[in-house]
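Peer 1: Spelled out, the chains give:
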Amino acid sequence: MRIVVLVKYVPEPTAQWRFADDLTVDRAGIEGRLSELDEHAVEQAVRLVEGGLDAEITYLTVGPVRAAEGLRKALAMGGDAGVHVEDPAIHGSDALATSLVLAEALRRQGFDLVLTGMASTDAEMSVVPAMVADRLDAALVSFASALTVDPQAGTVTVQRDGEGAVDEVVAQLPAVVAVTDQAGEARYPAFRAIMAAKKKPVTTWSLTDLGISPDQVGLAASCAVVTQAVPAPERQAGTVLVDEGDAAVQVADFLTTRGFL
Amino acid sequence: MSEVLVLVPGAADAVRSSTFGLLTAARRLGEPSVVLVGPDDPEAVRALGEYGAAKVYVADSPELAEYGSVATAEVLVDLARRLAPAAVLLASTRLSKDVAGIVAVRLGSGVLTDAVDVRPGSRGPVVTQSVFAGTHLVDSEAVRGPVVITLRPNAVDPEPAPVPPAVERVEVTVGEAARRVRVVSRTAKASSGRPDLSEASVVVAGGRGVGSAEGFAVVERLADLLGAAVGATRPVTDEKWCSHEYQIGQTGRTVAPQLYLATGISGAIQHRAGMQGSRTIVAINKDPKAPILAIADLGVVGDHHVVLPRLVEEIERRTQ
Ligand SMILES: Cc1cc2nc3c(=O)[nH]c(=O)nc-3n(C[C@H](O)[C@H](O)[C@H](O)COP(=O)(O)OP(=O)(O)OC[C@H]3O[C@@H](n4cnc5c(N)ncnc54)[C@H](O)[C@@H]3O)c2cc1C
Ligand SMILES: Nc1ncnc2c1ncn2[C@@H]1O[C@H](COP(=O)(O)O)[C@@H](O)[C@H]1O
Chain A
1 MRIVVLVKYV
11 PEPTAQWRFA
21 DDLTVDRAGI
31 EGRLSELDEH
41 AVEQAVRLVE
51 GGLDAEITYL
61 TVGPVRAAEG
71 LRKALAMGGD
81 AGVHVEDPAI
91 HGSDALATSL
101 VLAEALRRQG
111 FDLVLTGMAS
121 TDAEMSVVPA
131 MVADRLDAAL
141 VSFASALTVD
151 PQAGTVTVQR
161 DGEGAVDEVV
171 AQLPAVVAVT
181 DQAGEARYPA
191 FRAIMAAKKK
201 PVTTWSLTDL
211 GISPDQVGLA
221 ASCAVVTQAV
231 PAPERQAGTV
241 LVDEGDAAVQ
251 VADFLTTRGF
261 L
Chain W
1 MSEVLVLVPG
11 AADAVRSSTF
21 GLLTAARRLG
31 EPSVVLVGPD
41 DPEAVRALGE
51 YGAAKVYVAD
61 SPELAEYGSV
71 ATAEVLVDLA
81 RRLAPAAVLL
91 ASTRLSKDVA
101 GIVAVRLGSG
111 VLTDAVDVRP
121 GSRGPVVTQS
131 VFAGTHLVDS
141 EAVRGPVVIT
151 LRPNAVDPEP
161 APVPPAVERV
171 EVTVGEAARR
181 VRVVSRTAKA
191 SSGRPDLSEA
201 SVVVAGGRGV
211 GSAEGFAVVE
221 RLADLLGAAV
231 GATRPVTDEK
241 WCSHEYQIGQ
251 TGRTVAPQLY
261 LATGISGAIQ
271 HRAGMQGSRT
281 IVAINKDPKA
291 PILAIADLGV
301 VGDHHVVLPR
311 LVEEIERRTQ
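Protein chains in written order, with the working numbering: chain A, 1 to 261; chain W, 1 to 320.
Please note that the accuracy of each hint is not assured.
[What the hints assert, rightly or not] Here are the computed distance ranges between Cβ atoms for each label pair: (1) W:V15 - A:E168: 34 to 44 angstroms; (2) W:P164 - A:T14: 36 to 46 angstroms; (3) A:R187 - W:P120: 41 to 51 angstroms; (4) W:A188 - A:R47: 26 to 36 angstroms; (5) W:V15 - A:E50: 42 to 52 angstroms; (6) A:G52 - W:R46: 48 to 58 angstroms; (7) W:S212 - A:T14: 21 to 31 angstroms; (8) A:V240 - W:T135: 12 to 22 angstroms; (9) A:V242 - W:E316: 43 to 53 angstroms; (10) W:S212 - A:P201: 47 to 57 angstroms; (11) A:T203 - W:G227: 51 to 61 angstroms; (12) A:P231 - W:G227: 27 to 37 angstroms; (13) W:G227 - A:V249: 17 to 27 angstroms.
Rather than coming from a laboratory, the hints here were simulated on the basis of the structure.
Everything numeric in this text was worked out from a predicted model, so none of it was measured.
Quick reminder that beta carbons are idealized off the backbone N, C-alpha and C, glycines included.
Kindly generate the complete structure, drawing on both the sequences and the hints.
Peer 2: In structure tokens form, the structure reads like this:
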């Protein structure tokens with residue numbers, strides 16, 4: 001069985017983010033990393049194989065040259081190979097264009113099960129998995145907090161964590177499953193695993209390799225344009241007091257003044 | 001004026017304030033038409049009309065619940081192709097993210113998620129999003145439509161604008177693609193009897209600093225006194241001091257109440273992402289350097305185990 005995990009290389013969440021002149025996130029100037037939410041998807045793939053599933057794990061990323069570091073991090077956690085789609089024309093792609101590139105790369109790679117994170121920690125849209133699934137005519141299950149695969153039946157059974165209810169969902173393979181951070185803690189790779197990951201194969205594809213023309217992606221193909229990006233209005237500086245036994249009374253007074261009591 | 005399609009995923013959602021906010025936002029862009037999934041409950045239709053839904057398209061089939069997001073997306077896609085709406089509006093929920101993604105691919109439209117504001121622009125809707133953990137506001141305009149927008153709860157205050165809604169039933173055919181995913185069982189999460197977290201006007205939230213399930217119980221007592229919803233950070237739900245349903249932040253719920261009272265919460269960026277939109281913030285933390293104190297309107301450097309029980313007592317005394 002072929003498992004492909006979609007992993008995104010994102011700006012370090014704790015860094016000071018900036019906009020570049022074209023109003024995209026300035027990725028060049030900020031340290032990057034494998035999205036922490038995608039590590040949960042990597043972890044689930046590795047656990048499936050450790051649990052006895054006969055599968056080969058490939059990681060797929062669409063991103064700048066440095067995104068290869070994200071693939072290495074994933075490979076250090078486990079799995080077999082990486083695919084990096086890298087092309088200058090991709091810069092500034094929106095979710096629709098990114099999903100096109102991911103879908104074409106998946107088509108070329110071949111897959112039975114695609115695992116993704118629940119959201120990218122930079123764009124935070126949670127729409128790419130649905131878009132990829134729809135383009136590939138594959139089954140879609142998002143917000144999975146647990147999953148099991150039955151290769152004989154050709155199904156994946158998922159616990160889907162929705163608002164207000166938890167569903168048990170059965171999807172036919174091929175399927176795209178987006179996993180949440182509730183699925184299980186991602187492992188820290190050991191030093192030896194990090195060294196071993198350096199020898200695992202990583203293939204790089206360009207848009208030409210995928211039969212995508214540059215005008216289908218990037219800023220120019222975007223379905224929406226950013227017209228303005230400004231700092232949010234500063235919150236008015238508040239009062240900070242140190243409790244000397246009367247803080248509860250002061251909080252209650254504050255709540256009364258503001259009409260909450 | 002062109003229609004704006006508004007997804008209401010169930011009759012129960014028709015009477016929620018988040019739906020009224022969605023309809024209020026839709027009215028700025030055109031004439032709101034609701035796509036109601038489920039039976040055309042008269043009470044639901046009346047409530048939708050109250051907030052300006054001139055048209056209610058009813059998609060009623062038990063299969064929609066069984067087959068989930070793809071089937072629902074297909075209903076919207078069919079209608080959008082027929083009506084060429086100015087926009088498709090959905091509440092920012094987990095279901096709607098799937099639906100938004102599929103609808104955008106099928107219509108080849110732009111999708112803008114977690115909007116905090118929408119308004120008409122020269123080319124079409126202008127959408128404001130809050131990014132970088134709430135530190136920046138970004139305006140976008142869709143250049144290919146109909147744009148699909150998901151709106152954050154409490155982003156737009158509901159304003160009534162009564163109209164008599166015309167109801168039209170639409171055909172539901174669940175296609176082969178939708179049938180590949182089947183819901184085999186559904187377990188409703190236990191209801192706390194408290195206000196819904198996303199819509200609550202007051203939220204009392206506890207973090208790791210509450211120390212234990214007992215420490216969290218005081219958070220719940222204070223919430224009940226204030227008629228508030230209860231929130232928590234990820235470590236608290238990981239420790240099972242409360243249900244995961246209460247988690248606020250990047251991977252939990254987004255809230256924007258009038259008052260957010262945080263205790264034992266450091267204010268990590270992933271937590272702030274889910275509560276930064278709160279109108280007034282009160283925070284109690286024993287560490288004067290905790291980032292949450294920097295965004296609080298009133299910050300207390302103090303011990304949760306001392307301040308919270310006293311606050312409960314003080315409020316009980318005042319509200320007796
Ligand atoms: C990808 C990703 C997604 C995440 N998503 C979320 C999310 O959705 N929601 C979320 O909350 N977190 C999320 N996190 C985790 C987040 O990064 C923080 O670890 C978390 O928010 C910290 O929770 P906390 O404030 O309760 O704990 P801590 O950071 O440990 O803070 C505890 C605070 O309590 C104070 N304290 C201790 N004892 C007392 C006392 N007796 N009285 C008063 N104060 C006391 C301490 O001074 C400290 O400031 C995510 C992390 C990642 C990587
Ligand atoms: N550029 C990318 N490369 C690889 N995977 C991606 C990329 N963008 C999004 N994804 C996947 O899609 C998920 C959801 O992303 P998003 O819709 O942007 O929140 C992520 O967790 C990733 O698994």
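Peer 1: In this structure, is the beta-carbon distance linking S212 of chain W and T14 of chain A contained in 21 to 31 angstroms?
Peer 2: holds (28 angstroms)
Peer 1: Can you let me know if the beta-carbon spacing of P164 of chain W and T14 of chain A is within 36 to 46 angstroms?
Peer 2: violated (53 angstroms)
Peer 1: Quick one: are T203 of chain A and G227 of chain W within 51 to 61 angstroms, going by C-beta?
Peer 2: holds (58 angstroms)
Peer 1: Mind checking the hinted window 26 to 36 angstroms against the Cβ distance between A188 of chain W and R47 of chain A?
Peer 2: holds (28 angstroms)
Peer 1: At the C-beta level, are V242 of chain A and E316 of chain W separated by a distance inside 43 to 53 angstroms?
Peer 2: violated (24 angstroms)
Peer 1: Return holds or violated for the Cβ distance of S212 of chain W and P201 of chain A against the range 47 to 57 angstroms.
Peer 2: Given a distance of about 49 angstroms, which is inside 47 to 57 angstroms, the answer is holds.
Peer 1: Just to be sure I understand the hint, the distance between the Cβ atoms of V15 of chain W and E168 of chain A should be within 34 to 44 angstroms; is that true here?
Peer 2: violated (28 angstroms)
Peer 1: Using the C-beta atoms of V240 of chain A and T135 of chain W, is the stated range 12 to 22 angstroms upheld?
Peer 2: Hint holds: Cβ distance 20 angstroms, inside 12 to 22 angstroms.
Peer 1: Assuming the hint says 48 to 58 angstroms, is it satisfied by the Cβ distance from G52 of chain A to R46 of chain W or not?
Peer 2: Because 56 angstroms falls inside the window, the suggested range holds.
Peer 1: Confirm or reject the claim that R187 of chain A and P120 of chain W have a C-beta distance inside 41 to 51 angstroms.
Peer 2: Holds: the Cβ-Cβ distance is about 49 angstroms, inside 41 to 51 angstroms.
Peer 1: If I claimed the Cβ atoms of V15 of chain W and E50 of chain A lie 42 to 52 angstroms apart, would that claim hold in this structure?
Peer 2: The hinted range 42 to 52 angstroms holds for V15 of chain W and E50 of chain A, with Cβ atoms some 47 angstroms apart.
Peer 1: With respect to the beta-carbon atoms only, verify the hint that G227 of chain W and V249 of chain A lie 17 to 27 angstroms apart.
Peer 2: holds (21 angstroms)
In summary, the structure is inconsistent with hints 1, 2 and 9 from the numbered list given earlier, while agreeing with the others.
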